[in-house]
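Go ahead and model the full structure; you've got the sequences and the hints to work with.
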Amino acid sequence: MGDILSAENIIKQYAGHRALDDVSLSVPEGSIYGLLGPNGAGKTTLLRIINRITAPDSGTLKFDERPMTADDVCRIGYLPEERGLYKKMKVGEQALYLARLKGLDKTEARTQLEMWFRKFNIMGWWDRKVDELSKGMAQKVQFIVTVIHRPRLLIFDEPFSGFDPINAQLLRDEILNLRDEGATVIFSTHNMASVEEICDHITLINKSRNILTGPVDEIRRSWGTGSYRVDFAGDPVQLAGAVDGLCSSEPAAPEASADADRLNSLVLTPLTRDIRVRELVGRINETVEIHGFREMIPSMNDIFIRAVEASDDPTEK
Amino acid sequence: MSKIALIIQREFNQRVRKRSFIIMTILMPILMAGLMIVPVLIAQYGSSPSAAREIVVVDSSGVVAPALRDEQGLAFTATAMTYDSARMAPQYSGAFGFLVVGPQVVGNPSELTLYTRESSTLAIENNIREQVRRAVYQKRIEQANVPGLDSILERLQVYPVLTTYRLDARAGGEGAARESSSAISMGVSYALGFIIYLFIFIYGAAIMQGVIEEKSNRIVEVIVSSVKPFQLMMGKIIGMALVALTQFAVWVVLIGGTMLAIQHFALGCADAMPAELTTAVKSLDGIFLLKMAGAFLLFFTGGYLLYASMYAAVGSAVENVQDTQQLQLPITIPLFLAVVVMMNVMHDPTNTVAFWFSIIPFTSPIIMIARIPFGVPAWEVALSAVLLYATFLLIVSLAAKIYLTGIFMYGKKPTLGEMLRWIRYKG
Numbered sequence: 006m007g008d009i010l011s012a013e014n015i016i017k018q019y020a021g022h023r024a025l026d027d028v029s030l031s032v033p034e035g036s037i038y039g040l041l042g043p044n045g046a047g048k049t050t051l052l053r054i055i056n057r058i059t060a061p062d063s064g065t066l067k068f069d070e071r072p073m074t075a076d077d078v079c080r081i082g083y084l085p086e087e088r089g090l091y092k093k094m095k096v097g098e099q100a101l102y103l104a105r106l107k108g109l110d111k112t113e114a115r116t117q118l119e120m121w122f123r124k125f126n127i128m129g130w131w132d133r134k135v136d137e138l139s140k141g142m143a144q145k146v147q148f149i150v151t152v153i154h155r156p157r158l159l160i161f162d163e164p165f166s167g168f169d170p171i172n173a174q175l176l177r178d179e180i181l182n183l184r185d186e187g188a189t190v191i192f193s194t195h196n197m198a199s200v201e202e203i204c205d206h207i208t209l210i211n212k213s214r215n216i217l218t219g220p221v222d223e224i225r226r227s228w229g230t231g232s233y234r235v236d237f238a239g240d241p242v243q244l245a246g247a248v249d250g251l252c253s254s255e256p257a258a259p260e261a262s263a264d265a266d267r268l269n270s271l272v273l274t275p276l277t278r279d280i281r282v283r284e285l286v287g288r289i290n291e292t293v294e295i296h297g298f299r300e301m302i303p304s305m306n307d308i309f310i311r312a313v314e315a316s317d318d319p320t321e322k
Numbered sequence: 022m023s024k025i026a027l028i029i030q031r032e033f034n035q036r037v038r039k040r041s042f043i044i045m046t047i048l049m050p051i052l053m054a055g056l057m058i059v060p061v062l063i064a065q066y067g068s069s070p071s072a073a074r075e076i077v078v079v080d081s082s083g084v085v086a087p088a089l090r091d092e093q094g095l096a097f098t099a100t101a102m103t104y105d106s107a108r109m110a111p112q113y114s115g116a117f118g119f120l121v122v123g124p125q126v127v128g129n130p131s132e133l134t135l136y137t138r139e140s141s142t143l144a145i146e147n148n149i150r151e152q153v154r155r156a157v158y159q160k161r162i163e164q165a166n167v168p169g170l171d172s173i174l175e176r177l178q179v180y181p182v183l184t185t186y187r188l189d190a191r192a193g194g195e196g197a198a199r200e201s202s203s204a205i206s207m208g209v210s211y212a213l214g215f216i217i218y219l220f221i222f223i224y225g226a227a228i229m230q231g232v233i234e235e236k237s238n239r240i241v242e243v244i245v246s247s248v249k250p251f252q253l254m255m256g257k258i259i260g261m262a263l264v265a266l267t268q269f270a271v272w273v274v275l276i277g278g279t280m281l282a283i284q285h286f287a288l289g290c291a292d293a294m295p296a297e298l299t300t301a302v303k304s305l306d307g308i309f310l311l312k313m314a315g316a317f318l319l320f321f322t323g324g325y326l327l328y329a330s331m332y333a334a335v336g337s338a339v340e341n342v343q344d345t346q347q348l349q350l351p352i353t354i355p356l357f358l359a360v361v362v363m364m365n366v367m368h369d370p371t372n373t374v375a376f377w378f379s380i381i382p383f384t385s386p387i388i389m390i391a392r393i394p395f396g397v398p399a400w401e402v403a404l405s406a407v408l409l410y411a412t413f414l415l416i417v418s419l420a421a422k423i424y425l426t427g428i429f430m431y432g433k434k435p436t437l438g439e440m441l442r443w444i445r446y447k448g
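Protein chains in written order, with the working numbering: chain A, 6 to 322; chain B, 22 to 448.
Among the clues, some could well be false.
Unchecked claim - Think about it this way: if two alpha-carbon atoms lie no more than 25 Å apart in a straight line, the pair counts; the simulated DMTMM-like pairs of lysine to aspartate or glutamate are: (1) B:Lys433 to A:Asp62; (2) B:Lys249 to A:Asp307; (3) B:Lys24 to A:Asp62; (4) A:Lys93 to B:Glu340; (5) B:Lys24 to A:Asp132; (6) B:Lys39 to A:Glu137; (7) B:Lys24 to A:Glu98; (8) B:Lys249 to A:Asp62; (9) B:Lys249 to A:Glu87; (10) A:Lys95 to B:Glu340; (11) A:Lys134 to B:Glu234; (12) A:Lys95 to B:Glu234; (13) B:Lys39 to A:Asp132; (14) B:Lys249 to A:Asp76; (15) A:Lys134 to B:Glu175; (16) B:Lys434 to A:Asp62; (17) B:Lys249 to A:Glu98; (18) B:Lys422 to A:Asp62; (19) B:Lys433 to A:Glu87; (20) B:Lys433 to A:Glu86; (21) A:Lys140 to B:Glu234; (22) B:Lys24 to A:Asp76; (23) B:Lys39 to A:Glu98; (24) A:Lys93 to B:Glu234; (25) B:Lys24 to A:Glu119; (26) B:Lys434 to A:Glu86; (27) A:Lys93 to B:Asp344; (28) A:Lys92 to B:Asp344; (29) B:Lys39 to A:Asp136; (30) B:Lys434 to A:Glu119; (31) A:Lys140 to B:Glu340; (32) B:Lys249 to A:Asp69; (33) B:Lys433 to A:Asp26; (34) A:Lys92 to B:Glu175; (35) B:Lys160 to B:Glu175; (36) B:Lys24 to A:Asp26.
The set of hints was computed from the structure by calculation and includes no laboratory data.
What follows is the structure in structure tokens.
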């Protein structure tokens, strides 16, 4: 499948600082695309440019692989980070209004909204005013009106902020559902756990520049050291001797678990790239009692921190 | 349903259902009626204090004291004492004042002095002067010793009644005239001019606040994918115009009903109605009222649209109402100017100032409506209206450009100069 959206060499200059400096990204159709970066990196500016709220100083946007036009915006649903609801209006009435503005007819809008309100368990709020709602509640309403007209591209700016873990899980499931129904999702977040769980692709922006982009699994593999962690019952020195010639080894901090005091852990780093894992495991197995063996893949959190630090200090690389 | 209709509908419903709107709509005519009735009530009952004020009359002429009648809260007591002893007399310690009449008062009516313990009022002095005048007048007629002199004098009095007509060829052919009243023209002129001013001011500010709300709550960002900013702005302006017209219509019905009731009540005691007022009511014929209503709709709508688009542009540039003070100046100055000029126009509706201010679009809605009750040539009304609506089209296109840039601009509050520069941005 092709790219539903691509941005090429976007530059946006504000008085005194450059919010986006030559940022490019392509969002494959049907993917969940994470836009990551520290506070103030330019994520929201990029999302606003995609929504044509602001215009870039230079660079092009393509929708469905042709230059994006103003009409394409109606295929996008946008959830801004700051709430976009009339405070004095009743929740149901407001949702109905926004849904109809997005092109649904009255009865269809009502059916759809009631379905969503039940799903999010907020039917009781239909006749309450928006300013009586908690942040999470308002966020749910906002989310519903963003997706109600089934846009092909969904853009969420910090969708998980203000949610407790249960509601965050609910939201994650709904985002995955929408993807399965054919929508493409772009969202910006600080929540790295959610990135690992649901993102297919990411772009990491720091200080207005794109410093890392690609499919999540590729990125995690390429940022990995290729090391393995082994948890075992037995003598670490004996094990180090057994794998000598294949791997270098060093002690690893024990993980918090029920039998942590009984187990030892080592990090094994292969000396060559083309190590045969079966042989390695065989040797370990002959020497000690294996409780756990796994490839050490860095978390998105680690990658985020390392990538941002590296780009902040170019001399390090 | 088109999107702009949806926006209009939301704007209208939200405003009209507000408690403050309902209260204002019902209360305003009552307040206005109160403003008209209270002075009448005060005039009727306020002037007579609960206890009559005693005036002790020291009359050495013997002419004035018997003729004085107790009226309007004054009670006269004649005394044979001199002023000095009466002033000290215990039975007069509660008297309001002492009227000292000289012996030659018939020959010299200035021999008249009023001493009061508290400060006297114009009403008391006028009353005494009038009563003394009548007494002395009567006495002089007697002294002239001409039989039937008082009836002769009565016949010599002239009370002219001036009935005014305005020659109006359109009303009923050549030479047709209808009774007119400057007083009623002035009243209608002032009321309509002021209502247009108030409505533009109140509803314009409401537009501005609405725009600021949509901007600062990021509502525009949510719906920009389905609605063009221009649609949002126009929907708001039109929706609000309907709210204003609804309010006005309710007032017309309420006030009209009250007026009919008063008229009905007044007919019961027709002699109580001064001739002036009868003429005034007669000059309020149906055609005149219809014409005024049409002119009001035309100029109110035009003026409102013109100012509302400017208010919307200002609202789009800021994030809270406090920041609008300075940016509002170009809007409020012509409005205030119009009201100031209107006062002048009401007294002389045909002079050059009146003419030009009723043609220039920014003041014309108020000044033209203030002139129309006095009669304005049709071409002037047409020119003024065409200019007004043409200016609206120009201003709304500029305002839309400012709005388009401003509504997504956060951070520093722009200056007027910067706002004007936004007009040149390509949208």
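Evaluated hints:
Pair hint B:Lys433 plus A:Asp62 holds up; C-alpha atoms about 20 Å apart against a cutoff of 25 Å. Simply put, B:Lys249 and A:Asp307 have alpha-carbon atoms about 43 Å apart, too far for the 25 Å limit, and the pair is violated. At roughly 31 Å between alpha-carbon atoms, B:Lys24 and A:Asp62 are farther apart than 25 Å, so this suggested pair is violated. This hinted pair checks out: A:Lys93 and B:Glu340 have alpha carbons roughly 18 Å apart, not beyond 25 Å.
A distance of roughly 24 Å separates the Cα atoms of B:Lys24 and A:Asp132; the hinted pair therefore holds under the 25 Å criterion. A distance of roughly 17 Å separates the Cα atoms of B:Lys39 and A:Glu137; the hinted pair therefore holds under the 25 Å criterion. Distance check on the hinted pair: B:Lys24 and A:Glu98 sit about 16 Å apart at the alpha-carbon level, within 25 Å; holds. About 21 Å separates the Cα atoms of B:Lys249 and A:Asp62, which keeps this hinted pair within 25 Å; it holds.
Using a Cα cut-off of 25 Å, the hinted pair B:Lys249 and A:Glu87 holds, with the two alpha carbons roughly 20 Å apart. Restraint check: the Cα-Cα separation between A:Lys95 and B:Glu340 comes to about 23 Å, which is no more than 25 Å; the hinted pair holds. At most 25 Å may separate the alpha-carbon atoms for a hinted pair to count; A:Lys134 and B:Glu234 meet this at roughly 16 Å. In summary, the hint linking A:Lys95 to B:Glu234 is supported, as the alpha carbons are separated by about 16 Å, within the 25 Å threshold.
For the suggested pair B:Lys39 and A:Asp132, the alpha carbons sit about 16 Å apart, so the restraint of at most 25 Å is met. For the hint pairing B:Lys249 with A:Asp76, the CA-to-CA distance comes to about 10 Å; that is within 25 Å, so the pair holds. In summary, the hint linking A:Lys134 to B:Glu175 is not supported, as the alpha carbons are separated by about 77 Å, beyond the 25 Å threshold. The hinted pair formed by B:Lys434 and A:Asp62 meets the criterion: a straight-line CA distance of about 22 Å does not exceed 25 Å.
A threshold of 25 Å between alpha carbons decides the hint, and for B:Lys249 with A:Glu98 the separation of about 21 Å falls inside it, so the pair holds. Under the criterion of a C-alpha separation no larger than 25 Å, the hint pairing B:Lys422 with A:Asp62 is consistent with the structure, at around 19 Å. Between B:Lys433 and A:Glu87 the CA atoms are separated by roughly 18 Å; this keeps the pair inside 25 Å, and the hint holds. About 20 Å separates the Cα atoms of B:Lys433 and A:Glu86, which keeps this hinted pair within 25 Å; it holds.
Between the alpha carbons of A:Lys140 and B:Glu234 the distance comes to roughly 18 Å, so the proposed pair stays at or under 25 Å and holds. For the given pair, B:Lys24 sits about 15 Å from A:Asp76 by alpha-carbon distance, which is consistent with the 25 Å threshold. With a C-alpha separation of about 15 Å, the suggested pairing of B:Lys39 with A:Glu98 holds against the 25 Å cut-off. Restraint check: the Cα-Cα separation between A:Lys93 and B:Glu234 comes to about 10 Å, which is no more than 25 Å; the hinted pair holds.
A hinted pair counts as satisfied when its Cα atoms are at most 25 Å apart, and B:Lys24 with A:Glu119 qualifies at roughly 22 Å. Proposed proximity of B:Lys434 and A:Glu86 is supported: the alpha carbons are some 22 Å apart, at most 25 Å. Annotation: proposed proximity of A:Lys93 to B:Asp344 holds, straight-line Cα distance about 22 Å (limit 25 Å). Distance hint between A:Lys92 and B:Asp344 is fulfilled; the C-alpha atoms sit about 21 Å from each other, no more than 25 Å.
As the CA atoms of B:Lys39 and A:Asp136 are separated by approximately 16 Å, the hinted pair is consistent with the 25 Å bound. Of the pairs offered as hints, the one joining B:Lys434 and A:Glu119 is violated, with about 41 Å between alpha carbons and a cut-off of 25 Å exceeded. The hinted pair formed by A:Lys140 and B:Glu340 meets the criterion: a straight-line CA distance of about 21 Å does not exceed 25 Å. For the proposed pair B:Lys249 and A:Asp69, the alpha carbon gap of about 22 Å is at most 25 Å, so the pair holds.
With a C-alpha separation of about 23 Å, the suggested pair B:Lys433 and A:Asp26 falls inside the 25 Å cut-off, and the hint holds. A distance of roughly 76 Å separates the Cα atoms of A:Lys92 and B:Glu175; the hinted pair therefore is violated under the 25 Å criterion. About 15 Å separates the Cα atoms of B:Lys160 and B:Glu175, which keeps this hinted pair within 25 Å; it holds. Distance restraint check for B:Lys24 and A:Asp26: the Cα-Cα separation of roughly 37 Å exceeds the 25 Å cut-off, and the hinted pair is therefore not satisfied.
In this structure, the earlier hints numbered 2, 3, 15, 30, 34 and 36 are contradicted, and the remaining ones agree with it.
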